[in-house]
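Visitor: In short: position in the sequence shown from 1, add 150, done, that's our numbering.
Because the hints were derived from the structure by calculation, they are not lab data. These numbers were taken from a predicted model, which means no experiment stands behind them. Backbone N, C-alpha and C fix where the C-beta goes; we use that ideal spot for every residue, glycine too. One thing to keep in mind: the hints can contain errors.
Label-pair distances were calculated between CB atoms; the ranges are [stated by the list, open to error]:
hint: 1; residue 1: M328; residue 2: P254; range: 18 to 24 Å
hint: 2; residue 1: E219; residue 2: G292; range: 44 to 50 Å
hint: 3; residue 1: E219; residue 2: P287; range: 37 to 43 Å
hint: 4; residue 1: E327; residue 2: L216; range: 21 to 27 Å
hint: 5; residue 1: R245; residue 2: V213; range: 15 to 21 Å
hint: 6; residue 1: T205; residue 2: S225; range: 14 to 20 Å
hint: 7; residue 1: A222; residue 2: R318; range: 36 to 42 Å
hint: 8; residue 1: L270; residue 2: S315; range: 18 to 24 Å
hint: 9; residue 1: G246; residue 2: G218; range: 25 to 31 Å
hint: 10; residue 1: A222; residue 2: R243; range: 20 to 26 Å
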Amino acid sequence: MIFIGASKDYYSVNRNPGGCARAGRFDYIILLTPLAETRGLSKFYPGVRALDGVTLEVRAGEVHALAGENGAGKSTLVKILAGLETPSAGGIRWRGREVRFHGPFDALRTGISIIHQELLPFPDLTVAENICMGREPAGRFGWIDRAALRREAQRLLEPLGAAISPARRMGDLSVAEMQ
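Sequences and hints are given; from them, build the entire structure.
Guide: This is the structure:
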């Protein structure tokens, strides 16, 4: 699964029968500019074409599934979007601007992160430490701000309806809770 950050660049639309907009009463929104898009994205390895001209647009609130046989390029596309691989051709745009990721932290700063389907938690660390791994909030003197870490983890867990304390140790969770 790949998460792409939300945008405030949207256009409100209503669905009332007369088609007349009523201020503040909208049923859904349409994002004008995709959050992320690829154009002609290709990746070549010696003797292998892993991706060939992939075009993709992702808007806020959309859910996309990547389906295909083994070797179809699903993982390669996700790795490029997450900054783990560089494309051989084509480009990535974020909120309408061309971006080049030189590593996963570039993608993270942009708002793109990967949640791998394989469980790879750090069992001796807390839920909060696992969620915020690599982007821990710093307090005074550069130390990790543990209270801010727990608040951020709680903020991210709440929309999922997960009744898991950010202070719990990952090794104490069931497989279902970890997922």
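Visitor: Against this structure, judge whether each hint is valid.
Guide: Hints versus structure:
1. Checked against the hint of 18 to 24 Å, the C-beta distance between M328 and P254 comes to roughly 21 Å, which is consistent with it.
2. Checked against the hint of 44 to 50 Å, the pair E219 and G292 passes, with Cβ atoms roughly 47 Å apart.
3. As the Cβ distance of E219 to P287 is approximately 41 Å, the hint placing it in 37 to 43 Å holds.
4. Taken as a hint, the range 21 to 27 Å holds for the pair E327 and L216, whose Cβ atoms sit roughly 26 Å apart.
5. Against the hinted window of 15 to 21 Å, the Cβ-Cβ separation of R245 and V213 comes to about 19 Å, which satisfies the hint.
6. One distance hint, 14 to 20 Å for the beta-carbon pair T205 and S225, holds here, with the actual separation near 18 Å.
7. For the hinted restraint 36 to 42 Å between A222 and R318, the CB-CB distance of approximately 38 Å keeps it satisfied.
8. Against the hinted window of 18 to 24 Å, the Cβ-Cβ separation of L270 and S315 comes to about 21 Å, which satisfies the hint.
9. Look at G246 against G218: about 28 Å separates their beta carbons, and that is inside 25 to 31 Å.
10. At roughly 23 Å, the beta carbons of A222 and R243 sit within the given window of 20 to 26 Å.
Of the numbered hints listed earlier, not one is contradicted by the structure.
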